[in-house]
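*Asks:* With these hints in hand, go ahead and build the complete structure from the sequences.
These are the residues of each chain, in order.
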Amino acid sequence: MSRDEPVGEIELEVSGVSKNYGQVRALERLNLSMHRGEILALLGPSGCGKSTLLNMIAGFEPIDEGAIRLRGLTLNEIPPYRRDVAMVFQSYALFPHMTVAENIAYGLHPRKLDRASIRARVGEMASLLKLDPLRARYPSQLSGGQRQRVAIARALAVRPQMLLLDEAFSALDRNLREEMQLELSLLLRRLHLSTILVTHDQREAFSLADRIAVMEAGRIGQIGTPRELYEKPATDHVLRFLGTTNAIKAEVISRDGEMHLKAGGIVFKSLGAPPPGGGEAIVYLRTEDIDLSTQPTRVHPAAPASVVLVTFLGAQERVVVALDGQELLVERPAARGGGTLGPNQEVFLDFQPSRCRIAAMGEP
Amino acid sequence: MKQKPWVAWLWLFPAGAILVPFFVIPLCVVLRDSFYRDDPIRFILPDFSFANYLRILADAYYLSVFGNTLLIAAVVSIAALAIALPYAQYIARTSGTLRAVLLWITYLPLYVSVIMRAFGWMIITADRGMINSTLLQLGLISEPIKLLYEAEGMTIAMLHRYLPLMVIPIVTGLVKLDPNLLKASANLGGTWWYGWRRITLPLAIPGMVAGTQLVFAGVLSDYVLPSLTGSTRFPMMAPVIFNEATTNTAWATASALGTIVLGIVAIMLMVSAIVIRRLMPWQSVNQ
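Chains A and B are the protein sequences, given in the same order. Taking our numbering, I'd label the letters of the first sequence as residues 2 to 365. Taking our numbering, I'd label the letters of the second sequence as residues 190 to 476.
Hints listed in this document are in silico derivations from the structure and should not be mistaken for laboratory results. Backbone N, C-alpha and C fix where the C-beta goes; we use that ideal spot for every residue, glycine too. Possibly wrong hints are sitting among the right ones.
Some chain A residues judged to face chain B by a derived CB distance under 8 Å, without partners named [said to hold, decoys possible]:
#, residue
1, Y22
2, R26
3, M88
4, A94
5, P97
6, G108
7, A137
8, Y139
9, F313
As a list, the in silico EDC-like pairs of lysine to aspartate or glutamate whose alpha-carbon atoms are at most 20 Å apart [stated by the list, open to error]:
#, chain 1, residue 1, chain 2, residue 2
10, A, K270, A, E281
11, A, K250, A, D202
12, A, K250, A, E229
13, A, K250, A, E328
14, A, K113, A, E125
15, A, K270, A, E259
16, A, K263, A, D325
17, A, K270, A, D325
18, B, K372, A, E281
19, A, K263, A, E229
20, B, K372, A, D85
21, B, K372, A, E78
22, A, K131, A, D115
23, B, K372, A, D237
24, B, K372, A, E62
*Replies:* Here it is in structure tokens:
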């Protein structure tokens with residue numbers, strides 16, 4: 002089942018939104034909708050327009066064209082301080098002159114809560130994000146992970162209709178980042194809070210989001226669940242952006258209604274129906290879709306490749322294979338046959354022909 | 190590279206070579222002389238006593254001079270704050286050439302000799318000066334307002350002289366203010382005014398305190414502007430001390446007066462340190 006269309010009540014609707022910076026078109030008539038409680042990732046390289054869209058939702062960027070609606074309410078003309086969306090900034094933007102408790106309470110005073118309610122809400126948020134012992138500290142006295150917790154607590158304290166995360170994990174080191182991602186993912190699902198996260202990190206998008214919109218040059222290339230995007234990438238850009246993908250230059254040869262690929266002296270055979278045309282092409286093949294064998298395989302029956310380097314990564318090993326002038330990266334579970342491969346060893350490739358994606362040369 | 194601990198002290202040598210003989214030692218001499226006794230014939234007699242201080246602090250004239258000087262220092266500081274804060278905020282929002290030009294305009298008065306500026310103010314504030322002749326021609330007043338050789342005109346000239354010293358520390362503080370903090374404020378529901386009151390203003394306080402210290406101490410010890418644009422009916426500290434030391438040849442009295450001014454400045458610095466600690470507990474933590 003395709004999840005291009007959200008199920009349930011629509012929370013946010015972006016329709017035909019464009020943004021220009023002078024001659025540069027940052028967003029190109031973008032459409033997007035998400036249902037309540039959904040976590041959506043905007044994934045793409047820098048300059049793809051993902052942060053622009055987030056800033057438009059928050060109200061920091063005017064909307065040149067189109068409309069953004071939150072629970073049916075058009076946001077276009079509403080100033081940032083009256084929009085019910087809370088943002089966690091990349092730098093966290095904690096107020097350096099306020100304690101953790103004062104930071105968390107910042108958004109509660111304009112909402113005219115009485116002192117007792119503010120204290121209760123701050124207490125609730127501090128315990129939710131495990132900040133209880135740090136309430137009297139200043140941001141400069143906190144670690145990176147603690148600062149992020151404060152930023153999240155401060156945003157959640159106002160009970161927003163929607164949470165925006167702007168590269169919120171990029172300042173943390175890897176182990177802490179994954180720990181916080183898991184924790185936040187569980188928290189957001191428990192709160193059933195609609196969330197948009199902007200990231201260029203595929204792992205972050207995968208570990209948090211229900212759906213991912215892969216953006217490229219102001220457009221959404223593909224939107225769907227992580228699994229859909231990973232297994233059925235709609236464009237070469239999506240394929241290259243998710244996972245680690247080899248791009249092999251090869252010649253497409255059609256013979257007997259079957260396609261064969263010739264990369265230097267190495268030929269991969271019987272790869273199914275040939276595409277129209279032929280000639281030079283780029284073959285995209287994910288690193289984990291390739292297996293290596295010391296015996297000839299169906300797709301690689303002769304002229305073996307050779308191992309250049311084997312890197313042990315714990316659960317996996319990464320093998321660099323020389324493919325007659327080109328280098329190819331293979332990732333496979335380390336337990337299976339770990340240690341059996343070494344440099345200069347002759348290997349044969351094995352892969353499902355359906356996992357190849359073939360693009361004519363010159364195509365982006 | 191490891192250095193012997195005493196080597197680091199060598200860095201202080203150039204500053205010390207100037208400050209010790211030409212500042213610290215004379216200051217000690219002034220302090221010593223303030224306890225001596227003025228003598229009409231033998232100039233100064235080394236009779237150690239607190240008599241000068243007791244006489245000064247019981248004398249209505251000297252007390253009024255302290256009062257005048259502190260009043261003008263306070264008025265100039267507050268007026269400078271009121272002008273500098275919005276101006277600094279504007280500069281902090283600009284960038285590139287515009288900011289450079291605005292900063293240059295801010296520094297400009299410092300490049301012009303204070304005597305030249307005093308004469309400039311004299312021309313503007315005189316009875317037949319620019320302000321009065323304009324107001325007279327417009328029919329807004331029938332008699333010239335007395336500005337020159339009055340406290341009012343002197344205050345304006347002082348404000349002009351010391352305003353840059355207020356603007357620059359505040360600009361320095363506001364430029365460092367992360368614009369994301371104000372975005373975060375708006376995002377959390379804070380209006381512009383709420384964000385200004387809770388983010389911009391508190392983070393500008395260190396600059397405001399530094400500027401106030403500079404302006405206050407400057408006005409307190411200013412000699413040129415009170416002499417050229419002020420009034421003898423509104424005496425200020427520095428010219429009074431100068432008169433005691435020269436015209437009256439009362440060197441000991443002048444020394445005691447000078448020491449009291451130094452004490453006032455010291456108290457002011459301590460008070461502002463306490464204010465900083467009370468208003469900005471994060472300051473001691475962030476360092």
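*Asks:* Hinted pair, alpha-carbon criterion (20 Å max): K250(A), D202(A). Please report holds or violated.
*Replies:* 27 Å, violated
*Asks:* Does the closest beta carbon of chain B sit nearer than 8 Å to the beta carbon of G108(A)?
*Replies:* 3 Å, holds
*Asks:* Given the hinted pair K131(A) and D115(A), is their Cα-Cα distance within 20 Å?
*Replies:* Answer violated: K131(A) to D115(A) is near 24 Å, above 20 Å.
*Asks:* Would you settle whether the hint for F313(A) is holds or violated, based on the nearest Cβ-Cβ distance to chain B being less than 8 Å?
*Replies:* Hint on F313(A): violated, closest Cβ of chain B at ~41 Å, above 8 Å.
*Asks:* Quick one, are K372(B) and D85(A) close enough, alpha carbons at most 20 Å?
*Replies:* 14 Å, holds
*Asks:* Holds or violated: A94(A) as interface residue toward chain B, Cβ cutoff 8 Å?
*Replies:* 4 Å, holds
*Asks:* Can the restraint linking K113(A) and E125(A) be considered satisfied, given a maximum Cα separation of 20 Å?
*Replies:* Roughly 18 Å separates the two Cα atoms, so the pair holds.
*Asks:* Let's test the interface hint: is any C-beta of chain B closer than 8 Å to that of A137(A)?
*Replies:* 10 Å, violated
*Asks:* Does E281(A) sit within 20 Å of K270(A), going by the straight-line distance between their CA atoms?
*Replies:* Holds, because 16 Å separates the two Cα atoms, which is no more than 20 Å.
*Asks:* Does the CB of Y139(A) sit less than 8 Å away from some CB of chain B?
*Replies:* For Y139(A), the interface hint holds, since the closest Cβ of chain B sits about 5 Å away, which is under 8 Å.
*Asks:* Is the hinted pair K250(A) and E328(A) satisfied, with a Cα-Cα distance of at most 20 Å?
*Replies:* 10 Å, holds
*Asks:* Is K263(A) close enough to E229(A), meaning Cα to Cα at most 20 Å?
*Replies:* 30 Å, violated
Comparing the model with each numbered hint stated earlier shows that hints 1, 2, 7, 9, 11, 12, 18, 19, 22 and 23 do not hold.
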